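J.: Given next are the chains, with one letter for each unit.
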Amino acid sequence: MTSGPARAEPSPAPSTDARYLDVAGVTKRFGATVVLKDLSIAVEQAEFVSLLGPSGCGKTTLLRLIAGLLTAELGTISVGGRDLTRVAAHRRNIGVVFQNYALFPHLTVAENVAFGLKAQRTSKPEIEQRVHEALGLVRMQSFADRSVASLSGGQQQRIAVARAIVVKPTLLLLDEPFSALDRKLRETMQIEMRHLLRNLGITSIFVTHDQDEALVMSDRIAVMSEGRIEHLGSPSEVYSRPRTLYVMEFVGQSTRVAGRVAGGSQGNLSIDTPLGRLSAPGGFAAGAAVVAGVRPEAILLGEGPEAEFNNLRANLSDVVFFGSKTTLIFAGAGPGDRILVEIARLPQSLRPGQEVAIRWRIDDTMVFPAP
Amino acid sequence: MSTFAIDTRRHPAAVRERRTWFDAKALLALPGLAFMTLAFALPVILLVSESFVGPDGLTLDGYRKVLADDYYVGIVGNSIKLALITTGTTLLLGYPAAFALARARGRLQVILFALIFLPLTVSIIVKTFGISIMMGRNGIINWLLVNLGFIERPIRLVFTEFNLYFGMVNVFLPFMILPLYSVMRMLDQRLTDAAASLGAGPVYTFAHVTLPLTMPGVIAGVSLVFSISVAAYVTPSLLIGDRFMTMSQVMAKAYLNIRDFQLGASMAVVLLTIATAIVLAASYLARAPGQSGR
Amino acid sequence: MGFCWVVLVAVLVFLFTPIVIVVAVSFSPSAIFAFPPDGFSLRWYHAIGNADSLVASVWLSAQIAFLATCTSLTLGTLCAIAVVRGLVPAGKAIATFMASPLMLPGLVLGIAFLQAARGVGLRDAYMTLLLAHIVITMPFIMRTVLASLSLFDFTMVDAARMLGYSYPMALWKVLVPNILPGFISGALFAFIASFDNYPVSIFLVDVRTKTLPIQLLNQLEMSPDPTVAAASALLILGTIVALIICDRFVGLRRMASM
Chain D
1 MTSGPARAEP
11 SPAPSTDARY
21 LDVAGVTKRF
31 GATVVLKDLS
41 IAVEQAEFVS
51 LLGPSGCGKT
61 TLLRLIAGLL
71 TAELGTISVG
81 GRDLTRVAAH
91 RRNIGVVFQN
101 YALFPHLTVA
111 ENVAFGLKAQ
121 RTSKPEIEQR
131 VHEALGLVRM
141 QSFADRSVAS
151 LSGGQQQRIA
161 VARAIVVKPT
171 LLLLDEPFSA
181 LDRKLRETMQ
191 IEMRHLLRNL
201 GITSIFVTHD
211 QDEALVMSDR
221 IAVMSEGRIE
231 HLGSPSEVYS
241 RPRTLYVMEF
251 VGQSTRVAGR
261 VAGGSQGNLS
271 IDTPLGRLSA
281 PGGFAAGAAV
291 VAGVRPEAIL
301 LGEGPEAEFN
311 NLRANLSDVV
321 FFGSKTTLIF
331 AGAGPGDRIL
341 VEIARLPQSL
351 RPGQEVAIRW
361 RIDDTMVFPA
371 P
Chain P
1001 MSTFAIDTRR
1011 HPAAVRERRT
1021 WFDAKALLAL
1031 PGLAFMTLAF
1041 ALPVILLVSE
1051 SFVGPDGLTL
1061 DGYRKVLADD
1071 YYVGIVGNSI
1081 KLALITTGTT
1091 LLLGYPAAFA
1101 LARARGRLQV
1111 ILFALIFLPL
1121 TVSIIVKTFG
1131 ISIMMGRNGI
1141 INWLLVNLGF
1151 IERPIRLVFT
1161 EFNLYFGMVN
1171 VFLPFMILPL
1181 YSVMRMLDQR
1191 LTDAAASLGA
1201 GPVYTFAHVT
1211 LPLTMPGVIA
1221 GVSLVFSISV
1231 AAYVTPSLLI
1241 GDRFMTMSQV
1251 MAKAYLNIRD
1261 FQLGASMAVV
1271 LLTIATAIVL
1281 AASYLARAPG
1291 QSGR
Chain Z
2001 MGFCWVVLVA
2011 VLVFLFTPIV
2021 IVVAVSFSPS
2031 AIFAFPPDGF
2041 SLRWYHAIGN
2051 ADSLVASVWL
2061 SAQIAFLATC
2071 TSLTLGTLCA
2081 IAVVRGLVPA
2091 GKAIATFMAS
2101 PLMLPGLVLG
2111 IAFLQAARGV
2121 GLRDAYMTLL
2131 LAHIVITMPF
2141 IMRTVLASLS
2151 LFDFTMVDAA
2161 RMLGYSYPMA
2171 LWKVLVPNIL
2181 PGFISGALFA
2191 FIASFDNYPV
2201 SIFLVDVRTK
2211 TLPIQLLNQL
2221 EMSPDPTVAA
2231 ASALLILGTI
2241 VALIICDRFV
2251 GLRRMASM
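Residue numbers (the working numbering), protein chains in the order written: chain D, 1 to 371; chain P, 1001 to 1294; chain Z, 2001 to 2258.
Bear in mind the hints are in silico, worked out from the structure with no lab data behind them.
Warning: the hint list may mix true and false statements.
[Stated by the list, open to error] Using 27 Å as the maximum straight-line C-alpha spacing, the simulated DSS-like pairs for lysine-lysine come out as follows:
1) K184/D to K325/D
2) K124/D to K2092/Z
3) K118/D to K2173/Z
4) K168/D to K2173/Z
[Stated by the list, open to error] Where chain D lies over chain Z, by a calculated footprint (3+ residues, C-beta under 8 Å):
5) 2152 to 2162
6) 2174 to 2187
[Unchecked claim] A few chain P positions that, by computed beta-carbon distances, are all more than 10 Å from chain Z:
7) P1031
8) Y1071
9) I1075
10) K1127
11) F1150
12) I1155
Only a predicted model underlies this, so the values are computations on that prediction, with no experimental measurement involved.
Note that CB positions come from ideal geometry on N, CA and C, so glycine has one too.
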């Protein structure tokens, strides 16, 4: 790492791998609105963590705080053991890939990539070599002398990445970098990016509102809502064992039914719902208002043994064909509830209007306190 | 990797709330703002206050003269008359010209635009000079009038109102054309086509489609030309001088010659009020529903 | 539609006739302002060289215009950045204020400056002229720079910061190169406005310090001969050259849309 006046590297303080990026107790206000509420998150070195949530949840604010483009009222941020809370943005050595790429139109592709190296007063030959290397990593070497305006969206995106990583940042922040790309290109880029970052071993924070993207790319996902992290966990945890109702509904599809706990013992609940009695794992007091949920692909057609399955009968109201899967929508749920079943192929005999038996494993039922 | 645990530890440093310090970047505006306040706002305020101060202290004599004395009221009337004629003429000429300019394509439009723009960059002294040459007994206008049979012998045109209006229109036409043009450029030709397809004749289409949609440009051009021409100084004083006194000439005389500062200041305030009223009315009209087009 | 074209052509002829006449007169061999001129001569152009006061006033006007434009550029751009980024309260009001000298009749401004300068005891005509011209040029800068800035993607400044430049350096490296067209067109308008200004300057000049428009007028009154026409023709030429240069850099239409 070339040391220039802008980036004095302190001697590495002992930092555990597991807290390479350590955000602690961060609160951020814009005027009277509190955008981030006492938020903490720790990211491992070389980990890829997504901040997932709807617009307004604070994910971009958190990103900008980590970058140093904003300052928080409360809390600290450190990277690799170095407290960055009061360090100016341009001294943090954190790379950012912006949503609209923010490439410099008055510079060529190579000059764009060299920009950060020039800021660090890197020697010319080293700049040339590293720029060439970085362009190679994103497979854009032949574009070095082109103007930025002549590039397609996907190409610009790659240059933005090259520019951010060529300076060997300690952390890479990506703010919805694929949102402007069409679907096929997006999917290609997601895989490419993942490989690239994994090979380079760069710790990455990725902001997105697209849950599929988060599931595909992340080692862990932080599902955010209204300035708080609702669930921080691996994609499969977040999907199969969501911590809150919000997470269950935000990530993936779900069948949800509201009801009241009738009773239960030994970690099993009996829930009274408009559709009948359901069993689920969990511990809530009798009489508690709860919401039960289950993933649509976990629901099967037909009846099964009472001891293992929740069995229901419901009226099929709609069939939606998605190609590789078909979603069945059933009527009879209470207000705010829905019954969705996902199957690979629709049986010939099934028609909307029929009463159909459906079942799912008791263990697959998720239970949350009613909001 | 950790599962659900969200770390709620707080570092000791975080307990102390950090004051959001004043964003130093706001100071960027300070030098410019300070300068303009001192060099512009203050003098103007001083001027306005001067209109209230006569040789014996606070009086309204200045305003009394300007607004009540027949002579001065006539002069205010002159300025307004000048502004109205200038605005009206430039609008009548400028509207079709801007329309044609907006419809020109490619290179032609760029060239034509440059040609309309260029006279703006030529000094007003130069233009007025050229106009007074044109108005001479041997000048072009007389030559045209004689040869087209309107008159038999060259007449005196210099220092006449005709000369004045000719000059005013010449100077102010680009100011009318440019705002009109910029609005007309955005006029979607398909709208007039649609009107035609619905059976509307050219006159009807103009009245009900083109005119309403170009109205913001008309308002902008009219307010611009009116507010500048009501205050015009160079052109009237060079082309007609004392024979047609305008508010601006009175002001200049008050300060440079007779040194009646209160009169000059009062006239200035009246002028300012008229010009500002026009601009405010225009921006109000531009915001009114139905007027803003898009 | 054909009617509109006829009017456009007539308007163009109308607008250019005085200018053409002035240029033509400048080549006339005789001292009378006759048009059409009876002959061709460059004597009046040579005469310019001898008209010291004329040359001095050109130099003065150019100096003032240049210095005023540069000052306005700096002060105005900094202010515009603060306004566009929402860093100051009432940004819109501030921007309107900074651009408001354009709304006032030049005459009123001139008188206001005169009185204020007298009141403060500022007797140096050069200084007074300069300060007044900074005020005159400011609106042109504000309008064009604000328009350019509103089209500028400030995320680029963030990107430059993340790559190692402090905020001021980031502005210099990234903002300035990209709003150069707005700069140049604003600077051109401002320069012309200052150079050609009469109503403000007339109150602030003194016997020794005269800007070009005032000198031209004086000359016309005192010794009217086509030297004035020749000087004017050169001015026109200079303006055309400046416009062509700007067109190369910026594109005339883009300039005009500001």
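J.: Would you list, in rising numerical order, the hints stated earlier that this structure does not obey?
T.: Of the numbered hints, 2, 7 and 10 do not hold.
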